[in-house]
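> Given next are the chains, with one letter for each unit.
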Amino acid sequence: MAAARALINVPPKARRGEVIGIKSLISHEMETGFRPNATGQLIPRNIIKEFVCTYNGVEVFRAEFFPAVSANPFVSFTTRATESGTITMTWTGDNGFHASESVAITVE
Amino acid sequence: MISRWRIAAALAVIGATFPAIAEIPMSERKSGYDFMGKQTQAMQDDDTANAGMLWVLDGEALWKRHAGAANKSCADCHGDASASMKGVAARYPAFSPALGRAVNLEQRINSCRAERQQAKPLAYESKDLLALTAFIGRQSRGLPITVADDAGTRKAIESGRATFTRRQGQLNLSCAQCHDDNWSGRLAGAPVTQGQPTGYPIYRLEWQNLGSLQRRLRNCLTGIRTIVPALGAQELVELELYLMWRARGMTLETPGVRP
Numbered sequence: 038m039a040a041a042r043a044l045i046n047v048p049p050k051a052r053r054g055e056v057i058g059i060k061s062l063i064s065h066e067m068e069t070g071f072r073p074n075a076t077g078q079l080i081p082r083n084i085i086k087e088f089v090c091t092y093n094g095v096e097v098f099r100a101e102f103f104p105a106v107s108a109n110p111f112v113s114f115t116t117r118a119t120e121s122g123t124i125t126m127t128w129t130g131d132n133g134f135h136a137s138e139s140v141a142i143t144v145e
Numbered sequence: 034m035i036s037r038w039r040i041a042a043a044l045a046v047i048g049a050t051f052p053a054i055a056e057i058p059m060s061e062r063k064s065g066y067d068f069m070g071k072q073t074q075a076m077q078d079d080d081t082a083n084a085g086m087l088w089v090l091d092g093e094a095l096w097k098r099h100a101g102a103a104n105k106s107c108a109d110c111h112g113d114a115s116a117s118m119k120g121v122a123a124r125y126p127a128f129s130p131a132l133g134r135a136v137n138l139e140q141r142i143n144s145c146r147a148e149r150q151q152a153k154p155l156a157y158e159s160k161d162l163l164a165l166t167a168f169i170g171r172q173s174r175g176l177p178i179t180v181a182d183d184a185g186t187r188k189a190i191e192s193g194r195a196t197f198t199r200r201q202g203q204l205n206l207s208c209a210q211c212h213d214d215n216w217s218g219r220l221a222g223a224p225v226t227q228g229q230p231t232g233y234p235i236y237r238l239e240w241q242n243l244g245s246l247q248r249r250l251r252n253c254l255t256g257i258r259t260i261v262p263a264l265g266a267q268e269l270v271e272l273e274l275y276l277m278w279r280a281r282g283m284t285l286e287t288p289g290v291r292p
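These protein sequence lines map, in sequence, to chains A and B.
Per my numbering, the first sequence starts with residue 38, numbered consecutively.
Per my numbering, the second sequence starts with residue 34, numbered consecutively.
One or more hints might be untrue.
[Claimed, not checked] Derived pair list, reagent style BS3-like, types lysine-lysine, alpha-carbon separation capped at 25 angstroms:
1) B:K119 x B:K71
2) A:K50 x A:K86
3) B:K105 x B:K153
4) A:K60 x B:K71
5) A:K86 x B:K63
6) B:K119 x B:K63
Calculated from the structure, these hints are not laboratory results.
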C-alpha cells in the first residue's frame, strides 16, 4: 500500500466572510530516524516535512513537520471563506513523498 | 466417600458463586470510550479525525482486490460489505464447526483467504489484516455485541473466563483483579477501565498505529510479567471470546480510538 491515505474535512458550503474549520489526517509512519531496528542499526528517517494548504491557489496555511510529530499527523486550522473554489492540501517529505488532496467549497 | 462428595459440592458452590460476585453488573458496564478525555472521544467520533478510518479505507480497497490462485476478491463472494458484513464483527470470535474450536475475526478472514482465494494467510498484526478487520468491523459499528453462547462456544467462554480470573505472572495478578474489581481506580494516573473490547481493532495513540485486541491483551500480560502467548494462540482467542461475551449487548465502536 504505497499510496498514502488522506482524510480531509472542509465544510462544503459557507457564508462569505465566515471562519471555517479545516481538518486533515494523512497516513504516514513518521519514522523519526532515531530508532534502532532489531539489529541495532538506525532506521532511516522518513517523515513528512511540509504541509501546505492553498485556497484557490493562495496559500492560507503552512506547517513544517519534525521527527517529534506523531505518525498519521492530524492538522486542524481555520481560514476565512472568501469565494467559491478549491481547497488543496499538499504534503511533501522524505524519499520523495508527495500527496495532495483537493476539495470544493461553495461560498454564498 | 460421603465427605469427598461434600468437599466436591462445597467446591462447586465456591466455583459457581465466586466469579458471579466479582463480575461487573450489566448496568454498570462502561466502554473504554467512557473513560477517555473529551478530546480523544471527539477524535473517535469524527470520521475525518479518527485515524482508524485510514485502515478502514485501506480495507475497503483490499475487499475489492483480487488475490490468490483463485484470483477472487472478497467482494466477488460477499458483494457489498455494508450489507453482507453487517453485524459479523459483533458475532466474533465464533465457534468453527470445521475446526472444532473458536476462531476470531482475523483467523476467519485468513481461512477465507486460504479456502476461497487460495491465497497466503496474512500475518497477524500486518497492515493488510488489520485493514480488512477494521473494514469488516466498521460495518458493525453501532450494533450490539452478540457473540454466541451455545454448546459450541460455552467451553471456550469458560476457558477464557478461567484465564481472566487466574492469577498469573510475577505480579501474581489476574485480569479480574484490575478489570472487574478495580475498574474505577487509576493505575499510574491512567484509568484502569473495565477491559470491554468494544472498539477493536483500535487506533491507540500510544501505539501511533492500529492494533488488534490480541495485541492489547499481550500488553496487559507483559505488564503483569507473565508468559505471553503468541499472537493467534488459542488461549488468547478464548480470552477474546470471553471478553466479548462479557460485553454482550454493548455497542461496537470499531474503529475505536484509545489513549
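> State for each hint whether it applies.
Here is how each hint holds up against the structure:
Our distance criterion of 25 angstroms between C-alpha atoms is broken by B:K119 and B:K71, whose separation comes to about 28 angstroms. For a cut-off of 25 angstroms, the pair hint linking A:K50 to A:K86 is broken: about 31 angstroms separates their Cα positions. Between B:K105 and B:K153 the alpha-carbon distance is near 13 angstroms, which keeps this suggested pair within the 25 angstroms criterion. A threshold of 25 angstroms between alpha carbons decides the hint, and for A:K60 with B:K71 the separation of about 17 angstroms falls inside it, so the pair holds.
With a C-alpha separation of about 40 angstroms, the suggested pairing of A:K86 with B:K63 is violated against the 25 angstroms cut-off. A distance of roughly 23 angstroms separates the Cα atoms of B:K119 and B:K63; the hinted pair therefore holds under the 25 angstroms criterion.
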